[in-house]
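Grab the two chains, each in its own frame, and use the hints to assemble them into the complex.
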Amino acid sequence: LLLKESWDFEKNPMASKGSPLHGPRIRLIEQAQKLFSETKEHNFESKASEEHAKLLRLQHELEVSTKQSIFVGSSISDTIRTCIVLGNHRAALRVRTEFKVSDKRWYWLKAFALATVRDWDSLEKF
Amino acid sequence: MAQIPNLDNSPLNFTALRERSQKELINILKNGRGKKCLVIDPKLGGSLSLLIQTSMLKENGTELRHLSADPVQTECSKVLYLVRSQLNLMKFISSHIQNDVSKGLQKEYFVYFVPRRTVVCEKIFEEEKVHHLITFGEYPLYILPVDEDVLSCELDLAFRECLIDGDTSALWHVANAIHKLEFSFGVIPTVRAKGKGSAKIVDILNSLQVEEPVNAPDMGAPEINMLILIDREVDMVTPMCFQLTYEGLLDEILQVNNGAVEVDASIIGAQQERNKIKVPLNSSDKLYKDIRDLHFEEVVQVLREKATSMQKDYADVKTTSQSVSELKDFVKKLNSLPEIARHVSLAQHLQTFTCKPSFHSRLDIEQTILELQNFDLCFEYIEEMIHKQEPIISVFRLLVLLSVTNNGLPKKNFDYLRREILHSYGFEHMPTLYNLEKAGLFKRQESKSNWLMISKALQLIASESEASKPDDISYIFSGYAPLSIRIVQHAIRSGWRSIEEILRYLPGPHVDLKRGGSTNSSPFDKVPSFQSNLDRLADGRRALVLVVFVGGVTFAEIAALRFLSSQDGMGYDFIIGTTKIVNGNTVLEALMTTN
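Line order of the protein sequences matches chains A and B. According to this note's numbering, the first sequence is numbered sequentially starting from 1. According to this note's numbering, the second sequence is numbered sequentially starting from 1.
It is possible that part of the hints are untrue.
Straight-line Cα separation of at most 25 Å, SDA-like style, residue types lysine to any residue; simulated pairs [claimed, not checked]:
1) Lys443/B / Ser102/A
2) Lys110/A / Phe379/B
3) Lys58/B / Ser77/B
4) Lys47/A / Glu437/B
5) Lys129/B / Ser68/B
6) Lys289/B / Ile340/B
7) Lys47/A / Asp415/B
8) Lys388/B / Val117/A
9) Lys107/B / Asp156/B
10) Lys356/B / Lys443/B
11) Lys47/A / Glu380/B
12) Lys388/B / Trp108/A
Some chain B residues close to chain A (C-beta under 8 Å, calculated; not the full set) [as the list claims (entries may be wrong)]:
13) Lys123
14) Glu126
15) Glu128
16) His387
17) Gln389
18) Leu422
19) Ser424
20) Tyr425
21) Phe427
22) Met430
It is worth saying that the hints were derived from the structure and are not from the lab. Quick reminder that beta carbons are idealized off the backbone N, C-alpha and C, glycines included.
Chain B with its partners taken away, still in its complex shape (with noise of 0.2 Å):
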């Protein structure tokens, strides 16, 4: 099975989407003749490994390399780079071109840009003097789908750079994208943002408008319908939160790249050379696709159901002569036998830690402090995990759901926390600290949190969970329902007008907008509320609406949105954007400093 996901199925045309991309790679390659070297950013390279074969990319006659330090070891003469516009990859090309120029090899360098060039890396190319050799180019890969209802802009340090940094290039990608899926789609007629970043993202998406209008009316109707935009700011706690389902899961355990997981072969039960596989997972596998955004429970359960159904289909055609029909279902059947193999040995990997009395008690602490109850407890708790060493990434998530569903920390105990970090893992930590409270995830209480009020208002914590029925999102965290969540129901629901009162609670200003083409002036779509917009649907087609996570969504939150969309009697189909698919461990591994 292909790692690159199967895209048939989406709600939007994504194959063109990506088809599209893949042209402007290949023209790119195409550019000037003969055998070329083409060397990748690393980093980058996951990404393409979305959106192309390898294969492809050697037919066009290049070689394939992966830019490090080391200098590139060719015999092309034409050398092409495609890189990430950061300094430090500036430096290792410019590196390698003094390298060849000093052993007198004459090459033709090529650096293309992802997505777009700036002016402080050709900057670094004069300083070196290596600029008059190189010919420079952009690949305007802004946004790629990652799954038949995601879209990722890859952009794995947004969240860091717009919060500790002060730096809003990645706000300016996620327009860029957006605009440019407007150019495919049609002007989304209606938008909701809510968060600081998210509401300059409008902004700067107006602008643009401005700038390079797309034409409405050669369109036909917008094909997205909405778009909301929420910060990763406003909502810190369901990210901190452990992931349940299965998706979820295998994140924050075996770290989900790409779209795949790499595991030991010997999980897998596979007789391989290679010790470590990589598992693709993504929509194109059915089973996965059923099973992926279950609490993992449930996952358990129907994976037993499967196998013993296969059971018995398997005694049935052993003792009972059956019709040649009813063999060929049966062979059918054991086609679905290794997908279902896989992910029984993929669930039985998780269950050897789920099982831990220690993942229980992390669990049952994190449900105390979305509760807000017991303050000393779920304090001495964290302490405890400071004393024995415990990850410190463990310590730091605990510690952020605390600090932020209580609005900070009583001084005394702000302070004494971080000496004990401090001494039990080292000075080196102090930067890590500035930053979570710089961010507002770790800081001194200064007033009375609002957590409850929020938390009730929006319903957030089920009074009775029942997580093998699930009738409401909150099965997703086993009684939690993801804040973030719920801002988007009620922001479909009726706009922000009906959460006003709790929106201002939580960080950033909140915009609602409507948009759309002034020519297109029929009395029709006057005052078009998202409410007429979805009569209007009712024949057939239903509304689309894209949600786009400002520095980063989680698997459980794509998992809650999907699980909106197909509840009866919801007429909509969710599209999620996101800078990058993160979890409680990488958002805050991004904010500690280790250079």
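For reference, chain A alone in the conformation it holds in the complex (with noise of 0.2 Å):
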């Protein structure tokens, strides 16, 4: 039953995906973690949604800080992408710091995203 709780809280902000009010939905997301976390098989959803709500807060910020709101709803490797096109690198590394992105991602990552800046100076050197 619990489970099944946490199951909808997490498809819920599934549902409202693309409404503007972040707060409700991290809430959401904070509870479904709190529902994982109850139970001992759940340590793998726990932590995903708890990355989850920290994502949702980072690409927050990262919206009022470049003024674009391009980044909520994306995938982690997704805002990375961006941040690197936008040529934000300190954002994009911080990104890779707060979720422990490993290094073969990081590389595929940063390639493409140059690679469709054009930007083949910084690719090389990388």
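Structure representation (structure tokens):
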């Protein structure tokens, strides 16, 4: 029962995707996370929802600082890519350390992103 | 050429089956005089297009509309809805009626449920206070022929409903469909089932037979000799492999829907205004019938030969004077030219995909996974796919393949990949991961895998694949013989007993049942083992086996069965029944939650 409830919570924010009300969405996810953490088997889900909430917060911040509403709702990898494409390497690095992105994935993302903006010089360098 | 398949060559009298459904539909339409507006559930519209020409509907004084959230604008005073019993569709209908009522329009409403009415749906009308305005009816369309040897229930979500939602109404539907077939073709004497859903269908079938018995004596000999039921769950490996037959590839790359593909006009080379053309694909197209089940590489060769022989004939006609009858032959051949041209352009289009190096590396990795070799290599391949953010559906396909053959992934790898997926594709995929785990398709490894043993015992992997000279069904996947079809082969030959050991390692129970007219107790029929049945049928008629895939079948598997029956010394024909024709993508898409 507890399980079902938490999945409902998890699905809820999906339904309200794209809505500007980040506040309630984050809260819902955190509620879900708490429910997941009460059972032993759902360690993974619990951690994932924790990260999800963190990501939403971070994306919100990024949107405020860049004044572009293109972050919320995209995945971690997409966020990193967008940052690099925008030339905001510091933000990209921050996302990377925040979510412990592995080297392998980081290099792929960086290469793709730099290729998109045709920043061949930077691509050469790294 | 029509999209409605020609059924004349069918091993069973499908034409009668279709005509009955047509008649039932027309009766519904004729019911009540005057012009009517027919509103069809769009999903149902696709299946109906295989049943009846739209012109036939219009003849009966009907306007045709597709059901959507928008209210129906019509002059007709009668509105007839033809819908599957799905709750959201009921909501649409009641909002339409409420809309009319608020405008002060008085109309007659008819709602016909396909295949039957349900309490829940009527409840919605009661709640919306429109129940008293509607006349209800049923259109019992359980199963319809989609080609001369394929029957489908067109239940898109059967697999998901059974495994995730715990909704078994699809099983009831299938059992009823089979029961209805038995009314036309007699009680099927031998039933063999594997899998939980299949076993349940056998139960339902038995109780249906008690409730509404099909009387054996007035039917004569049963036309279908054996029924084999297999759950999709039993073999999840095959649908995850990329199909390599012509028809399979068409489905994988262009998606075959209701016996047709929709392609850009430029691909076919037609100069038409519309930019999308529907190309019908069924056995009415003679050339297609010949090449649909061949390995794609072979198809290209066949087409090339056809084209060059045409060219040669043409040259002959030009240079030498020929008799009138020879000319006539030539002209006849010319008639098949548009068909050849069409398939050449389709094949050309497919080749742009099959030529890519990524296509070959994917096939290689599939093969490696199937042989259970080099786990690390496969793992890294998938990891890289995720990092490159390749289409998530392709990632899931390989993951499921890897997980099923390995009976799950070690916890460390499992959690790592799940995390990488969520990071790369977004956290909204969490419910999908959950669904896959619940269905047992992508899970944590708990015990050793039996895949190698299964594949050895059933000879799933050919030692040396010869795609061009096939003598075994393993040609279908360039060296892998579909598990489901191997099971069918054994079921026919000797029943479950010979492979009981192996079946135990696959999910679900297996059932072996003899049925038949209890009234019919001539000594001849007392213990009719299938083998003796076969002997009896040796006088010209071939035995007929109905193979039902509960939860969907792929074109590749259909091809394999057709191939089997075409082999020398195989005294049986197949009819394939399914809840829906699927491929790896459609199976997985059903599991991905979007709402």
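Hints and how they fare:
| no. | hint | in the structure |
| --- | --- | --- |
| 1 | Lys443/B / Ser102/A | holds, 23 Å |
| 2 | Lys110/A / Phe379/B | holds, 22 Å |
| 3 | Lys58/B / Ser77/B | holds, 16 Å |
| 4 | Lys47/A / Glu437/B | holds, 17 Å |
| 5 | Lys129/B / Ser68/B | holds, 20 Å |
| 6 | Lys289/B / Ile340/B | holds, 12 Å |
| 7 | Lys47/A / Asp415/B | holds, 11 Å |
| 8 | Lys388/B / Val117/A | holds, 17 Å |
| 9 | Lys107/B / Asp156/B | violated, 33 Å |
| 10 | Lys356/B / Lys443/B | violated, 31 Å |
| 11 | Lys47/A / Glu380/B | holds, 24 Å |
| 12 | Lys388/B / Trp108/A | holds, 6 Å |
| 13 | Lys123 | violated, 23 Å |
| 14 | Glu126 | violated, 27 Å |
| 15 | Glu128 | violated, 23 Å |
| 16 | His387 | holds, 4 Å |
| 17 | Gln389 | holds, 6 Å |
| 18 | Leu422 | holds, 6 Å |
| 19 | Ser424 | holds, 4 Å |
| 20 | Tyr425 | holds, 5 Å |
| 21 | Phe427 | holds, 4 Å |
| 22 | Met430 | holds, 6 Å |
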